[in-house]
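S.K.: Single-letter residue listing:
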Amino acid sequence: MSAMAKTSIHQTDLARKRLARRKAKEKRFRYAGVTAVVIAMVMLGWLVVSLVGTGYTAFFQHYLTITVTLDENILDPNGARDADQLRKANYRKIIQQALYARFPEVTYRRSKRALFQIISASGATNHVRKMVYQDPNLVGRELTIVVPVSDDVDQFLKGYIDRKAPEELRRVSDQQIAWVDQLVTSGELVRKFNWRFFTAADSRDPELAGIAGAVVGSIMALGVAFFLSVPIGVGAAVYLEEFAPKNRLTDFIEININNLAAVPSIVFGLLGLAVFLNFFGLPRSAPLVGGMVLGLMTLPTIIIATRSALRAVSPSIIDGALSLGASHTQAVFHHKVPLAASGILTGSIIGMAQALGETAPLLMIGMVAFVTEIPTNIMEPASALPVQIFLWSDSAERAWAERTSAAIIVLLIVLISMNAIAIFLRSRLERRW
Amino acid sequence: MQQLLNPETLIGALLIIGVVAAFLYGRGLAISRAQLTTDGARAHSLPSYHGYFSAWIVALFASGMIAFWVTFSGAAPNFVFAILMFCALALSFSIINRLLTPTFRARNHVERFIGGALMICSGVAVLTTFGIVLSLVFESLQFFKHVPILDFLTGLHWSPQTALREDQIGQSGSFGAVPIFTGTFMITAVAIFIAGPIGLLIAVYLSEYANKRTRAIVKPMVEILAGVPTIVYGFFALLTVGPAIRNFAEGFGFSVPTQSAIAAGSVMGVMIIPFISSLSDDVINAVPQTLRDASFALGATQSETMTKVIFPAALPGIIGAFLLAISRAIGETMIVVMAAGRAANLTGNPFEAVTTVTVQIVALLTGDQEFDSAKTLSAFALGLVLFVFTLVLNVIALLIVRRYRERYE
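Protein chains in written order, with this note's numbering: chain A, 4 to 436; chain B, 1048 to 1456.
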């Protein structure tokens, strides 16, 4: 009897086993949670590493320094130096001659062509044309120019083309490799920071393509979106939060805004296409229309952020203002809105960051144009940074993948900075009551 | 310089100058008239309100006149309009001159005007919704004139290309959207299959297990996933995940195309993890502490409390979170455009390339455009389906979440 009383039901073998099982289950559950977090982090890491790994080399580019003789007989046989002649003169031949002069041993036509292929043909000719056009006195003289090498040679020098692979599987021939090696050892072919990537617009040649056109397009579209959505969004939020009577209509507006926030972005693109382009006849591909569509899309985000910022302001502020004789409108605009400004600003920046990364609605209104000029006003056709990424991602060549990733890196850095500014402002300016 | 002198900029500049002048005039008038009254009567409103009121009156008259000019331009020579414009401005200034006495309630008028302007602002949001609905419905009706709505919703074959020859099968293209819908649902299913468990477990971990510091680090890190633009995910799927899945499958002797439902779906799953985890986290945190305490008091472990007490209590909210995530996945565009393929396959195999509603909208509307063709209009019909479906999902989700919140408040 006494022996049985000592062993409670919690200390039988069965109970111990049960407890161990429950504890093991507890542990497993906990580890499952940790694993889920780790998986999410690994995916984020994999994303960043794969993009940075593919893209960082695009910030460098190999350049060839070469001396060209601006032969008057080729460029300007009449000696008139008129602008039209200088524009359409055969600069290609000038470059070719310079290259053949550098490698006098190359005589076969086929080898000559291969030799010419190591530099960026249009890059070199455009460069010389521009210089001669600006200063016609250069004709007849010698000129040392620095031109980008072709994308294949650049990829080879960056180590993406294996020199041990069979020649017919490579995009660079043995002969070209020999020339390139020679130029590298003589110091004529060097690696430099790829400024062109940040200053040029799109191009058909990867070694000449840059993001400047797309960045300017994005800035214009975002500017339009900002001036459309922030005043209207803040106005709507102030109205709903402070002035609206509680009735069916305002309930309807409120439900409406919540639903608008969840409408897929591509539907806003369809709206832009049907209303702005087809009904109002605004120009296709223009940053103005892109900005209007993005503005409408960010409107709910800004309204919701502003409302929560207004709600966070202590009601005692309004009471104080009213008790000193301010009207309701004065109390709101002189006291409440300024105190909510940091929240409004943070919400606007986050909304703009969302708009910056948005692609689908811009595709709908035709901002997918191939634009080789940097746009100068909001009615001109333009591209935008995410759309540029989309366009480049379609091309199969390695040099394009590298540039696509580089453009993504730029986009992500801008987005991270915008969000960091928003977080900084919030922590700096936020007041708690 | 040429640009600065065109009539639009000139009129715009004059308008701004007129409005500013009116403000200064009104304010000055208020001050000088208030000073003239010696019987102790003070002005009702601050001088600046008189200024704002004047500016508003002038802007109203001037913009009305400009609108009149634009609508009837050509009916009379321009100088007639210019004279009318001048008369309108003179009239508005004389009205100001008459009205602005110290007893004039300028502030009340200005505040009523501000209230009206704010109301118009919130009207824009409603207008946007109406614009979306009207444009989608209008263009879809045009499309349903070409293709009966039932054929569109139940047809099994999708090839919107208009045929070149008369005798080709389906010469006006065939618009059976079922393969598109199944493709959309398959990719969404793959995404939820990945994001659901991971997102939920993250939410549980963050709300029940993680200490404050871990939470402060992990939560924003997970939410970064939602801030990455979808074009970036799309390129990631195309560049890395698609080939990785293909190589992995080849290791087992299967052949999987780089563009497949599984590649697009899994990357989309990563994207919607934070939607599920944040919303579920909120929902789990909203479960009253008393339920937890009661469960622990009965000797339950944390995991038992979670699975047997909190999870059932939070279930409606979690379902709401899932619905919102599904709606997000269905409306997502760039990932699928880049990673899912364009051929409309009616298949149940996630390792094949399928297409989605959003991919088809993009495919139909980029490139050549003739606006009346059934091909272009079908994009709007797909857009309407997408809009209605996501709207219904959202409304249901919001209703569930709201009802759930009310239960514990």
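Please note that the accuracy of each hint is not assured.
What the hints assert, rightly or not - Listed next, the stretches of chain B that the computed footprint assigns to chain A, with coverage defined by at least 3 CB atoms under 8 Å from CB atoms of chain A:
1. 1138 to 1150
2. 1158 to 1169
3. 1261 to 1273
4. 1333 to 1343
5. 1359 to 1365
6. 1427 to 1439
Stated by the list, open to error - Below 27 Å or equal to it, Euclidean Cα-Cα: the simulated BS3-like pairs (lysine-lysine) are:
7. B:K1259 x A:K30
8. B:K1192 x A:K30
9. A:K26 x B:K1192
10. A:K133 x A:K91
11. A:K20 x B:K1355
12. A:K20 x A:K30
13. B:K1266 x A:K30
14. A:K30 x A:K91
15. A:K195 x A:K161
16. A:K96 x A:K115
17. B:K1355 x A:K249
18. A:K133 x A:K195
19. B:K1259 x A:K28
20. B:K1192 x A:K28
21. B:K1355 x B:K1266
22. A:K133 x A:K115
23. A:K20 x B:K1259
24. A:K30 x A:K115
25. A:K195 x A:K167
26. A:K161 x A:K91
27. B:K1192 x B:K1259
28. A:K115 x A:K91
None of these hints come from the bench; they were simulated from the model.
Here a beta-carbon is modelled for each residue, glycine too, at the ideal position from N, C-alpha and C.
S.K.: Looking at the structure, which of the earlier hints fail to hold?
M.R.: Violated hints (numbers, rising): 1, 4, 5, 8, 9, 14, 17, 20, 23, 24, 26, 27; every other hint is consistent with the structure.
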